[in-house]
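Enquirer: Here is how the chains run, residue by residue.
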Amino acid sequence: MVNLTINGVPVSVEKGTTVLEAARYLGFPIPTLCHKEGLSPYGACRLCVVEIGEAPRTRLVSSCTYPVEEGLFVRTASERVVKARRIIIELLLASCPQSKTIQDIASAHSVRRQRFRQEHEDCILCGLCVRMCKEQMMAGAIGFRGRGRSRSLGTPFDVKSDVCRLCGGCMEVCPACQARCTYNEPEKAICGACANLSPPCIEKEPFHDMMCYMTPCVACEIKK
Amino acid sequence: MNSEEIEKIVEHHTGRQGSIMTILEDIQSKFHYLPEEALRIVAHRTGRSLVDIYGVATFYKAFSLKPRGKHLISCCLGTACHVRGGQAIAEEFQRQLHVAAGETTADNEITFETVNCLGACALGPIVVSDGHYSANVNARKVGQIIRHTKAGVYRTSGDSTHDTFPLEVSCPHCRRSLLDNENRLGGYPSVRIRVSAEDRSGWARFSSLYGNFVKRYEIDVPENAMVALFCPHCSSNLQGDGRCVQCNAPMADVRVNEKGSVLSICTRKECSGHMLDLNGTTK
Numbered sequence: 001m002v003n004l005t006i007n008g009v010p011v012s013v014e015k016g017t018t019v020l021e022a023a024r025y026l027g028f029p030i031p032t033l034c035h036k037e038g039l040s041p042y043g044a045c046r047l048c049v050v051e052i053g054e055a056p057r058t059r060l061v062s063s064c065t066y067p068v069e070e071g072l073f074v075r076t077a078s079e080r081v082v083k084a085r086r087i088i089i090e091l092l093l094a095s096c097p098q099s100k101t102i103q104d105i106a107s108a109h110s111v112r113r114q115r116f117r118q119e120h121e122d123c124i125l126c127g128l129c130v131r132m133c134k135e136q137m138m139a140g141a142i143g144f145r146g147r148g149r150s151r152s153l154g155t156p157f158d159v160k161s162d163v164c165r166l167c168g169g170c171m172e173v174c175p176a177c178q179a180r181c182t183y184n185e186p187e188k189a190i191c192g193a194c195a196n197l198s199p200p201c202i203e204k205e206p207f208h209d210m211m212c213y214m215t216p217c218v219a220c221e222i223k224k
Numbered sequence: 225m226n227s228e229e230i231e232k233i234v235e236h237h238t239g240r241q242g243s244i245m246t247i248l249e250d251i252q253s254k255f256h257y258l259p260e261e262a263l264r265i266v267a268h269r270t271g272r273s274l275v276d277i278y279g280v281a282t283f284y285k286a287f288s289l290k291p292r293g294k295h296l297i298s299c300c301l302g303t304a305c306h307v308r309g310g311q312a313i314a315e316e317f318q319r320q321l322h323v324a325a326g327e328t329t330a331d332n333e334i335t336f337e338t339v340n341c342l343g344a345c346a347l348g349p350i351v352v353s354d355g356h357y358s359a360n361v362n363a364r365k366v367g368q369i370i371r372h373t374k375a376g377v378y379r380t381s382g383d384s385t386h387d388t389f390p391l392e393v394s395c396p397h398c399r400r401s402l403l404d405n406e407n408r409l410g411g412y413p414s415v416r417i418r419v420s421a422e423d424r425s426g427w428a429r430f431s432s433l434y435g436n437f438v439k440r441y442e443i444d445v446p447e448n449a450m451v452a453l454f455c456p457h458c459s460s461n462l463q464g465d466g467r468c469v470q471c472n473a474p475m476a477d478v479r480v481n482e483k484g485s486v487l488s489i490c491t492r493k494e495c496s497g498h499m500l501d502l503n504g505t506t507k
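First to last, the protein sequences are chains H and V.
Here the first sequence is numbered in my numbering, starting from 1 and rising by one per residue.
Here the second sequence is numbered in my numbering, starting from 225 and rising by one per residue.
Just chain H, with the same shape it has in the complex:
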């Protein structure tokens, strides 16, 4: 067993546990995007940053890939962490504003502006689909290609892969290309519709919850 302190609370966990698992075990929320239970940790999105070490020599690490150490001091929501996390959310919004997953995270962290050059990508290169395909579906049909600016996701040679069984696992886990945020102002990076308590389905009464993309939807919950 390894003893460490998370946000001042002493905890003892098994060797090999990650800081993220230990913090969630204690109930401290850490947002994640590229982490999924059952898939190997990857550390691509950096949303799960935490501050480790003692002042004045602390540093930020991604908690999903950092194994616990004896006597480690972890802060999951210090000023430095929150600041870094909000910048990361802004960067994610800059590349993929149409992702509902990212918009939800932005709302939850009260990100109200996006100061980087706006792009409209379909992929944030989080690698969830690659790991899903390889580790859960045992196929290995898609992967990363190239590097740097030209890094992209897909099948080798851009042809249908022989090992792909069209299971749809890659789309199921994708935070960017499946759950679309359907806000009406494409020039605005931040939607904010999910953050207020008047979801669009209230105005679209005849459709009821058929058209609603919010799960759980606040309005539906109230109606019930």
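Think of the hints as simulated: they come from the structure by calculation, not from any bench.
The beta-carbon is built from N, C-alpha and C at its ideal position, and this holds for glycine as well.
There may be inaccurate statements among the hints.
Said to hold, decoys possible - Some chain H residues judged to face chain V by a derived CB distance under 10 Å, without partners named:
{"#": "1", "residue": "Val-130"}
{"#": "2", "residue": "Ala-139"}
{"#": "3", "residue": "Arg-145"}
{"#": "4", "residue": "Ser-150"}
{"#": "5", "residue": "Ser-161"}
{"#": "6", "residue": "Asp-162"}
{"#": "7", "residue": "Val-163"}
{"#": "8", "residue": "Cys-174"}
Using the hints provided, position chain V relative to the given structure of chain H.
Expert: Structure of chain V alone, referenced to chain H:
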């Protein structure tokens, strides 16, 4: 493309961890690029998924999925080379070869590309042709580099950082020249030596370029066998006292230049082991 050759390359590396890079390097050096079929064979034979192999092949700039020429010239445009005029040299290459950077000449001889840093900034501007580094290149040297590249002067078995230069090779015993002007290797006279292996004997030709390890045997020599080398004039055995640092086989000594320097070459068929002793004197 020959799938058997690729199978052979993969076979050569099987059972070793992390051998994908070396397999791809070998395929690239054989075919000058990575054919799609080759990647499929590598994936199949190594038990890795094709996308892993494809990811490695597209990640490194050294690998090319498009056919390339027989020779590769890379001109460095890193910061240090750039300020010393690398750009002008790259333009001169493009003008003389009639290709843009990253393209191959129409006769499939030379692929010209620019690279961002070769890590030898003090020697800039640098041009690398077939693994041979040419330092302090200026526009006047461009034509010479292209000529030498086409002639295969720079083609060596490994990545050599030495300059290749021709040697005057003679027998250490009778001091008569071993060079054969009529049969040339790499544009220079070949070294002609009588060899015997097991119960056969015949001729062997070596390149007279130092740093170019081309060995051609006119008799069948089994792989990794040792051969005995004899002077074609006085028939004396050239075997010396030394042992090869690479494979511990006996070395054969020949005399180079007029001052009596000694070049020892490994007598094992496949080995490129050699040693040039500029101060040594022959017996």
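Enquirer: Could you run down the list of hints and mark each one as holding or not?
Expert: Tested hints:
1. Val-130: holds, 8 Å
2. Ala-139: holds, 8 Å
3. Arg-145: holds, 5 Å
4. Ser-150: holds, 9 Å
5. Ser-161: The hint holds - Ser-161(H) has a Cβ within 10 Å of chain V, the shortest such distance being about 7 Å.
6. Asp-162: holds, 8 Å
7. Val-163: holds, 7 Å
8. Cys-174: violated, 17 Å
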